[in-house]
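Colleague: Line by line, the protein sequences give chains A and B.
According to UniProt numbering, the first sequence holds residues 1 to 219 in order.
According to UniProt numbering, the second sequence holds residues 1 to 156 in order.
The hints are simulated quantities; they were obtained by calculation from the structure and are not laboratory data.
Be careful, since some hints might not be right.
[To be verified] Computed footprint of chain B on chain A; a stretch qualifies when at least three of its residues, placed anywhere within it, have a C-beta under 8 angstroms from a C-beta of chain B:
| id | segment |
| --- | --- |
| 1 | 22–29 |
| 2 | 125–135 |
| 3 | 195–203 |
Bear in mind that the values here come from a model prediction, so they are computed numbers and not experimental data.
For each residue, glycine too, the CB sits at the ideal point set by N, CA and C.
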Amino acid sequence: MNFLRILSNNSTKLYITHQFRFICWSCGKDPKTLVVNLFCSNCNALQKPNKEDNYFKIMGVSETYDLNENDLAKKYKDLQKYLHPDKYANRVKEEQEISEKYSSLVNEAYKTLLEPLARGIYMLQLRGKDIPEKTEVDQEFLMKIMEKNEEVESAETEEEIMNLNEENKNKIQSLQKQLSTAFFEGDLKRVTKLLTQLKYYTSIDNQIQSVIRSKGIIR
Amino acid sequence: MAFLINGIRRCMCLKGFGSPNVILAAPYHANVIDHYENPRNVGSLDKKDKNVGTGLVGAPACGDVMKLQIKVDENGKIVDAKFKTFGCGSAIASSSLATEWVKGKTVDEALKLKNTDIAKELSLPPVKLHCSMLAEDAIKAALSDYRIKQQTENKE
Chain A
1 MNFLRILSNN
11 STKLYITHQF
21 RFICWSCGKD
31 PKTLVVNLFC
41 SNCNALQKPN
51 KEDNYFKIMG
61 VSETYDLNEN
71 DLAKKYKDLQ
81 KYLHPDKYAN
91 RVKEEQEISE
101 KYSSLVNEAY
111 KTLLEPLARG
121 IYMLQLRGKD
131 IPEKTEVDQE
141 FLMKIMEKNE
151 EVESAETEEE
161 IMNLNEENKN
171 KIQSLQKQLS
181 TAFFEGDLKR
191 VTKLLTQLKY
201 YTSIDNQIQS
211 VIRSKGIIR
Chain B
1 MAFLINGIRR
11 CMCLKGFGSP
21 NVILAAPYHA
31 NVIDHYENPR
41 NVGSLDKKDK
51 NVGTGLVGAP
61 ACGDVMKLQI
71 KVDENGKIVD
81 AKFKTFGCGS
91 AIASSSLATE
101 WVKGKTVDEA
111 LKLKNTDIAK
121 ELSLPPVKLH
131 CSMLAEDAIK
141 AALSDYRIKQ
151 QTENKE
């Protein structure tokens, strides 16, 4: 039983106390603690994800805008090691289904938290707000965005496009830094403003990357 | 026109955040593809011309920007319209269609153009309705810019 060995090897450091009263769907007992926060300590059945957990909790990372991407990737791989549906081929159907749902939930959570724009929007949504749907009319800002898009469109040489790429990446990075501060200070109005700006610059970044690809520039 | 050649950009709308697959799987309607592949009236008019109205709008949820310009003759008829849009296929098609529709109309008639008409003509799915909304707002902004220009002109 390879599977059990992994569990027992890791169990000492990964045992996490489950705070709620909880009944295992498989054996009907309250396991008190879950092995690696996933399995019943009594019958080893994979448990369903807690519906109240947000993506940060699911991934087991701290809820902050500047999270460590390497750490997140490691957590993701660890989780999928346990959750991947391939590991449940010989289990009962119910457990297979839990693994499928749980594993795709973890994929979704990972994808969302990894990407700085998606992470910001998700964090904003957790705070009950969203990016406004109404049309943007800040002329000065729109003019800037329009001009940048036009520059990307008319860039011909590799040097031109790579300069634009660097400039835009710096802009995105600076916006992310400001976002982190705004989240830290709980200034949601500013968060929303920064996220919409980030959206426009990410859109320009997508343009730039597709130009780079279509020109066959290798970095 | 690099923005037309580089393939249809996916409009990563936040509305369907929980179910991105639904959006990505939605195919474009033939009318959208027609306007996308053969966009009408792409370009710019002279912004400083007193007979030209310019509307510049953006969609914060998508990061799309749209510039729409109209040229009005002395009888208040729109004789030319141009657009430039950086955005997804639906946004490009919506603005292309909008320029086609306002040409030949009077300023007052153009004001009546509704985003629902655009959405209907292009068979836009609900998640793309805001693209037609953007085109309507762009026309309104262009018309209002033209009116303000005329008013200041008359005062002088």
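Colleague: Taking 8 angstroms as the Cβ threshold, is the statement that the segment 125–135 of chain A is covered by chain B upheld or broken by the three-residue rule?
Modeller: Coverage by chain B holds for the segment 125–135 of chain A (7 residues, Cβ < 8 angstroms).
Colleague: Please check whether the segment 195–203 of chain A has three or more residues whose CB lies within less than 8 angstroms of a CB on chain B.
Modeller: holds (count 6)
Colleague: Does the segment 22–29 of chain A contain three or more residues whose Cβ lies closer than 8 angstroms to a Cβ of chain B?
Modeller: violated (count 0)
Hint 1 alone, counting from the list given before, is not met by this structure.
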